[in-house]
Every structure is written in C-alpha cells, then in structure tokens.
Amino acid sequence: MKIHIPNSAFLGNIDPFMRGFDPSSPECLEITANDKWIAVHPAVISMIAALGLTVDAKKIRCQRFEATSRHYFVRMGLFKLLNIPSDIVIQEHEPAGRFIPLTQIRTSDQLTSFITEMIPLLHLQPEQAKTLGYIVSELVRNVLEHAESEHGAILCAQYYKKSNSIRIGIADTGLGIKETITRSHPAETDLDAIRLALMPGITGTTPKEGGTEQNAGAGLFFIKSIASVNRDFFIIYSGAGFFKLLKKTAAKNLRLKADPFTDRHSADADMPCWRGTVVGVDITLDQTEEFTRLLDAIRETYGTAVRERRKERYKRPRFT
Amino acid sequence: MITIKIFPRTGAFAENKDVARELRVKEILPALGAGQDVILDFAQVDAATQSFIHALISDLIRKQGIGVLDRLEFRSCNDTVRKIITIVVDYMQEGT
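Read top to bottom, the protein sequences are chains Y and C. Residue numbers for the first sequence follow this note's numbering, so the first one is 24 and each next one is one higher. Residue numbers for the second sequence follow this note's numbering, so the first one is 575 and each next one is one higher.
The set of hints was computed from the structure by calculation and includes no laboratory data. There may be inaccurate statements among the hints.
Listed below are the simulated DMTMM-like cross-link pairs for lysine to aspartate or glutamate, each with C-alpha atoms no more than 25 Å apart in a straight line [stated by the list, open to error]:
1. Y:Lys-231 / Y:Glu-171
2. Y:Lys-103 / Y:Glu-53
3. Y:Lys-231 / C:Asp-611
4. C:Lys-600 / C:Glu-647
5. C:Lys-600 / Y:Asp-132
6. Y:Lys-275 / C:Glu-647
Small disclaimer: the values here were computed from a predicted structure and weren't measured.
Pulled out of the complex, with its shape left as it was, chain C reads as follows (with noise of 0.2 Å):
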C-alpha cells in the first residue's frame, strides 16, 4: 500500500493535469503494476478540477475496468474534491 500526497504537488488547488498524468504515470500505474494498492491523500486541496481528476484517473479505469476502484482509495477529501471525483467515477462507468 502507498500513498500519494496530492497538495505538495498541486497547492490547494489541484489542477494542472500535466500534474496528474505524471502521477498517474510515474506513481499511480507503477504501484498498481507492482500489485499495491494506492491511497491518493487530498488533505490540504481545497478545490480540483475535473479535467485534474479525470487526467488522474479516468485512464486507470478505462484501462483497467471499474475494478480498479477497489485497489484506489481517496483520503481526506473535501466535499468539492468527494463530488468531483464521484462525477468523473459516474461518467466513466455511464459511458463504457
């Protein structure tokens, strides 16, 4: 299991989704590979985007089915950044 802080990459404002696509790439997908899971920690991110969520996680589910939400776990999420990820979760279950 790791986890993944989000603030000290992105400030209280999460949403730079070159940001996101380097820790899907380089941190996300790697851990996932080598068979652990990952908690991505939001404490401290007051906002994100959903294009900074999507480039985060739509891949993963995309590539690796909806399944893949129960080797994902998001800690320490204000309501803004809870709805946004549960949108983009939605959209990406409603359209495959």
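Chain Y extracted, bound-state conformation (with noise of 0.2 Å):
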C-alpha cells in the first residue's frame, strides 16, 4: 500500500489525498510525504494510522519527513503507534485544549473512560462537550458493535483557534459498510451502502423498523443531522464509495433529510478500496446549535421516513 500526505488536506479539499491511496500490496505500507509544509485533518492521521496497524513494523518504510510542521505526527503518536522510529526531536507539550493523540480503542469500556479523560481535555463549554461526546460515542460504537475489526477503532482530534472548531477522524480496517448493511439490505455498491447507512432506520442487524433490541439504525443519521445543523463537514469514506457533507448556508429552520442524497454533498463510487470505514467530522464551535433543538428537528425527520417507509410497504388488496 501507498499513501502520500500532501501540503494540504482537510475535509473541503480531501478527494485528492483519497484518490491517491494505492491499497495494492497490503502486506507493506509506503508513506511519503510532503516536504514543504503539511496541514492534515485528523481523519488523515487516522487513516494512516489504521493502515500502519495491519502491517508489520518492519514492513512500513516511512518517508524521513522534512516538513517544517513535522513534529505534529509525532505530537500526534503516529510513529509511537506504528512503533516506527523517527527522528525527530519535539518538546511534549501538556494536550489540554489543543488536541487528542491517536488512541486506539477496542472495548466498550475503554470507550467510556476516554470520553470521560477527553471532555475535560478539550475545555470545551458544557453544550459543545455534549455535541463532541455524542459524536465520539456513536462513531466508535459503530466500529466496536459492526466492523469487527481486529485493531479496534483509531480516532484523533484536532482543536483550531482560528476557526474555533474541533475536527475529528475515525478510522477502522474492519468489514466496511457494505458487507453489514446488506446483512440486511440490498446495496449493490459501496456508495449504495454508506447512503443506507446514513438514513434513520436503516441497520445492517436486521430488516426490520426499529432495529433489534441493541441496535436502531440512527447513530451515523444523527451524526450527519448534527454536521448538517451546524453547517459543518462530514465525510465518509467505504470501500470505494466516499459521500461529503458540503457546508451549506445559515437557514432559520432546522430542516433535516433522512436521505443523504437530498442533502447538499459530493459523492464518489470509484475511490480506491479502503477495507473498512473511514468519518471525519468538524465542529465549528461558534455556530454550534444547541443541541436540545436538533434533537427536535430529527425527531420529525425521523418519524416521517419511518412513516414514509411503512407507506411504501403497505400492501393495497387486489380486487378483479
């Protein structure tokens, strides 16, 4: 396998750095980089990352990295975690408030201590925490109860000043989209998938409304509903399929869509096969709306694809 961190790639302009990944050879992992200047989204850093983890350290050749801004991969662990060496030199400094190292998380326990450990890191106010740890949670549950991947879920997080916004990147190398959604529902392509999997309802567990007794099909819709409320960025990346929230304009209604496709994006059916799952997410912290009121708006969303699905279920007699 091939990757190539570029100067630049955050979610607004992630397509190419994506469409560059060579997953061919995955028993070895190339990483080149750029040797000017590198800005990368924490989903990035994942990325990379979950790849490193499927292979033997031995078999990762790493780029010497001449960046000025390479110490951030070393702030961010991801020689540690890969257990590369590298050599370069960095003070550590204290995280709190900047950003979340890689953390590689496998149980549902140690889920629960880090978003405990991680809120008071980030010293975010109390409504922002809620957002950040609703998103966290699901993300990586979603990982935990469906991918069945062996190395867990890798996830990063970034705080930007000048933005005053959190980005955040979570990858794994487990089944993908496709191969548990159509468990239960029929998807053709990778793109198909991740489009059922982001409409409320939808669960790879089972063909039935309202999901079986440990899973209901909404964690990556409310994750959507909250980048869409907040006029944010969502990306989600599935074997070749990739769907991109684009940011949209500030609206005095909270309107939702249960289908992804009616929501403004870009989509791409032909991205080189990544093995599992990747969502990268931002939150601008200034127009974070509050979080009781998008609670409203997808349970009116919610409740009318329930109803209209029921509809296209609904079998009229036949009378000759």
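Assembling the complex is the task here: the two chains are given apart, and the hints tell you how they should meet.
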C-alpha cells in the first residue's frame, strides 16, 4: 500500500488525498509526505495509523519527513502507535485544549473511559462537550459493534483556534459498510451502502423497522444531522464509496434530510478501495446549535422517514 | 415499585450500551416480571445517546407492547434526555 501526505488535506479538499491512496500489496505500507509544509485533518492521520496497524512494523517504509510541521505527527503519536522510528525531536506539550493524540479503542469500557477523560482535556463549554461526546461515542461504538476490526477504532482530534473548531477523524480496517449493511438490506455498491447507512432506521442487523434490541440504525443519521445543522463538513469513506456533506448557508428552520443524497453533498463511487470505514467530522464551535433544538428536528425527520417507508411497504388488496 | 438510578451506573453521560443492556436484563425486566412498576431516575445525567436509550427500553416496547410505558416512569430527566427518550419511543411506535 502507498499513501502520500500532501501539503493540505482537510475535509473540504480531502478528495485528492483519498484518490492518491494505493491499496495494492496490503502486506506492506509506504508513507511519503510533502517536504515543505503539511497541514492535514485528523482523519488523514487516523487513516495512516489504521493502515499501519495492519502491517508488520518492519514492513512500513516511512520517508524521512522534511516539512517544517513534521513535529505535528510525532505529537499526534503516529510513529509511537506504529512502532516505527523517527528522528524528529520535539518538546512535549500538555495536550489540554489543543488536541487528542491518536488513540486506539477496542472495547466498550475503553471508550467510556476515553470519553470521560477526553471532554475535560478540550476545555469545552457544556453544550459543545455534549455534542463532541455524542459524536465520538456513536462513531466508535459503530466500529466496535459492526466492523469486526482486529485493531478496533483509531481516532484523533484537533482544536483549531483560528476557526474555533474541532476536527475529528475515526478510521477502522474492518468489514466496511457494504458488507455489514447488506446482511439486511440490498446495496449494489459501496456508495449505495453508505447512503443506506446514513438513513434513519436502517441497520445491517435486521431488515425490520425499529432495529434490534441493541441497534436502531440511527447513529450515523444523528452524526450527519449534527454536522448538517451546524453547517459543517462530514465525510464517510468505505470500500470504493465516498460521501461528503458539504457546508451550507445558515437557515432559520432546522430542516434535516432523511436521504443523504438530498443534502448538499458530493459523492464518488470509484475511490481506491478502503477496507473498512473512515469518518471525518468538523464541529465549528461558534455555530454549534443547541443540542435540544437539534433533537426536535431529528425527531420530526426520523418519524417522517419511518412513516414513509411504512407507506411504501403497505400492500393494498387486489380486487379483480 | 422500584427505582433504578442511572447516574451511579453511567456517570453524567449515559452512552455505554452494555450498561444499558445490563440494566434492562438484570433489573428492569425482572422487576416488571414480578409485577412491579419501574422508575428510571436520570437525576445528574446530563446527556444520553440515542443508542443508550434504545438499548435500555426498545426491547421492552417490542416484546411487551407500548403498554409497558404505563409501568415505566422516567424521572428527573433534563431536556436532552427527555427528547432522546421521546425519539426512541416515537420510532418504536411508528415502526410497529
């Protein structure tokens, strides 16, 4: 596999980075990087870490990082997690208020501890902490429950002072969305599977409305809704499918869409195959809507979506 | 009537579905089975995920019918928790 860290890759311009990923020869990994300056979204770092964990550390070839910002990758814990040497010297800073370094989560209890420790680290207002905790919990639990990934969920996050935003990236190298969603719902392509996974009430664990005792099929819809209401980017990449919720202008009414393809978005069904799932989310803290208002909108959209699906399944008697 | 306090099991953010399942299977279901009504006390819980609430109550509604809500009381819920519970109860009724 080959992955190149470009000069810039945030959710708005991450597509070329994804397209440049070469998944061939999965037994080894070659990491190269722009040698001038690197500024990337945490999703990029989580992806590289997740890939690296699938490969014997001896088979990771990492180009010497020359970029001025190379220390960032040490701070985020990339080399440490992958157990590969680095000659980049840094002064360790207290991470409070700035970033959450790469973290690998493999169990439910690890996730609960992580969330408890993470929130105070970022010094957020209660409403913002609620939103962030919600996103991390739902996304990581998705990985733990569905992905069957040997390495669990890999995540990291960064606070950006200039935009007053938090950016989060979560990656896994598990089954991918298509394999899990098609256990209960037909989807021809990875992108079709992503579309289904983002709809409220659709889960791979059952074809029935209302889900199972443990799964409702609502987690990703909630996360996409949080991003949509806050007018932030949200991406999901699995197999060859890639969906990006684009930023939109402010609206008076919180209107959510049950079908992600009716949101303002871009999509690609032919990306290099990512064996697993990657999710990236931005949360602009200045415009974080009150969580309870968001829940009102979710309730309305969810109910309408379920009622419409019921109507579609409703069979009328045939009179001849 | 028994009261189950959520906070000592989850902390201020109720998100661990395994804890929700354990509460449902080991405490709520046996109490309902014994003819007792159940109070779920969310005092000090700031937020809960939809997944947590789903794991806590959806199977009760699915298996015992919506009438089970007459025997469940959700106490001391703040706005967020109240709305999440309402979303789960709504879609469990819409979908059946």
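How the hints compare with the structure:
1. Taken as a hint, the Lys-231 of chain Y and Glu-171 of chain Y pair is honoured in the structure, with Cα atoms around 22 Å apart against an allowance of 25 Å.
2. Restraint check: the Cα-Cα separation between Lys-103 of chain Y and Glu-53 of chain Y comes to about 17 Å, which is no more than 25 Å; the hinted pair holds.
3. At roughly 29 Å between alpha-carbon atoms, Lys-231 of chain Y and Asp-611 of chain C are farther apart than 25 Å, so this suggested pair is violated.
4. Proposed proximity of Lys-600 of chain C and Glu-647 of chain C is supported: the alpha carbons are some 18 Å apart, at most 25 Å.
5. Pair hint Lys-600 of chain C plus Asp-132 of chain Y holds up; C-alpha atoms about 19 Å apart against a cutoff of 25 Å.
6. In summary, the hint linking Lys-275 of chain Y to Glu-647 of chain C is not supported, as the alpha carbons are separated by about 35 Å, beyond the 25 Å threshold.
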